[in-house]
Amino acid sequence: MSTEHAETEVPQQPNTSQPIMGPDMGQPHFSYTTPGDPYQGAPVSGYVQTDIYGNPLQSGQPIPQPTQQPVYGQPIYGQPVYGQPVYGQPIYGQAVYGQPVYGQPVQQPIQQPVQQPPAAAPNVQEDQIKQFVDLVKNTTEGKADPSSFLSFFNGIDDSFWKGLLVGAGITFACTSKTVRSIFSSGNSEEISAEEAERLEDIKAEEEYKAAQAAKDAQAGKE
Amino acid sequence: MNFHKLVDLEKYLDVAHHVPGRIRVKFSPLILTKPAALSAMREHSELPAAITSARVNMTARSVVIEYNPDAIFPDVIEELINGVDKNKKAEIISDLYGKLMKHTA
Chain A
0 MSTEHAETEV PQQPNTSQPI MGPDMGQPHF SYTTPGDPYQ GAPVSGYVQT DIYGNPLQSG
60 QPIPQPTQQP VYGQPIYGQP VYGQPVYGQP IYGQAVYGQP VYGQPVQQPI QQPVQQPPAA
120 APNVQEDQIK QFVDLVKNTT EGKADPSSFL SFFNGIDDSF WKGLLVGAGI TFACTSKTVR
180 SIFSSGNSEE ISAEEAERLE DIKAEEEYKA AQAAKDAQAG KE
Chain B
0 MNFHKLVDLE KYLDVAHHVP GRIRVKFSPL ILTKPAALSA MREHSELPAA ITSARVNMTA
60 RSVVIEYNPD AIFPDVIEEL INGVDKNKKA EIISDLYGKL MKHTA
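Residue numbers (numbering that gives the first Met the number 0), protein chains in the order written: chain A, 0 to 221; chain B, 0 to 104.
Bound-form chain A, shown alone:
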């Protein structure tokens, strides 16, 4: 039995949808290479820095930083394990036995988008009303444009027509002589007729007083 500490090797497990759990406790690692893997961890002297494509860097070149692809919010892949760089490694999974290690990318809790209130409807109605007013104004000024009329009628919805009909009905009701007489109990004509009768009363009273004065004068003379 060897007393030497043997480097712990991550057991080769068959591909499953579950991540391979090793001594790194689920941390992804791309230190394995497989036959046919172009990114062979070839034995080189010293620590060789390579670019993302695995090409050794020349001295003086800036050290490429690991590209962290935000996958659902947090970069999981590309984290070095045991201090080994992952330059040149693909972002998603390291093929083991030709199969991706992690079948499923880690997902962050999906934040529900904030539902904005439908603010377009009131603005649309205001625009329609303004457009209608402009059309009427242009028509009265003799600047009617058939194309503008067509575009207006094509863009309006049922609520505009309902509002238009309700407004027309209220206007008719308020201006109708019959309806006004009902609500006002016909007071307007009655008041004018009563005033005419009062004028006749005043006229008759003045005539009576004049006649009386003349009669008294006649009687005084006699």
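Hints are computed from structural coordinates only; laboratory data are not their basis.
Check before you lean on any hint, since a few could be wrong.
No more than 30 Å apart at the CA atoms, straight line, and that leaves these computed lysine-lysine pairs for BS3-like [said to hold, decoys possible]: (1) A:Lys176 - B:Lys25; (2) A:Lys214 - B:Lys98; (3) B:Lys4 - A:Lys202; (4) A:Lys208 - B:Lys25; (5) B:Lys98 - A:Lys208.
Assemble chain B onto chain A, guided by the hints.
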């Protein structure tokens, strides 16, 4: 003609103006639903001689009656308008009716 029923109709009538020889009476349209009023209008469609003219203004709901002050004394009319005793009013109306019919005849 029942003059007491005619007196009961005074609640539908209101004298708006009166000078000797001319009286304007405002009426309520409800009086047209009373049988006593309808029968009086039906029986005496022609005016007596003492009444020179009668004009109805439906809009103002008033009737203007011009009468001969020598045949119908204004004091009697004033008593009929301002009096409280209904029996006395009935007698006044009866006397007026007799005089008017007598003149008509």
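Hint by hint, here is what the structure shows:
1. At roughly 25 Å between alpha-carbon atoms, Lys176 of chain A and Lys25 of chain B fall within 30 Å of each other, so this suggested pair holds.
2. A distance of roughly 27 Å separates the Cα atoms of Lys214 of chain A and Lys98 of chain B; the hinted pair therefore holds under the 30 Å criterion.
3. Only pairs whose Cα atoms come within 30 Å are accepted, and Lys4 of chain B paired with Lys202 of chain A is rejected, the gap being roughly 34 Å.
4. For the given pair, Lys208 of chain A sits about 23 Å from Lys25 of chain B by alpha-carbon distance, which is consistent with the 30 Å threshold.
5. Between Lys98 of chain B and Lys208 of chain A, the direct Cα distance comes to roughly 27 Å. Compliance with the 30 Å bound is thereby established for this hinted pair.
Of the numbered hints stated above, the single one contradicted by the structure is hint 3.
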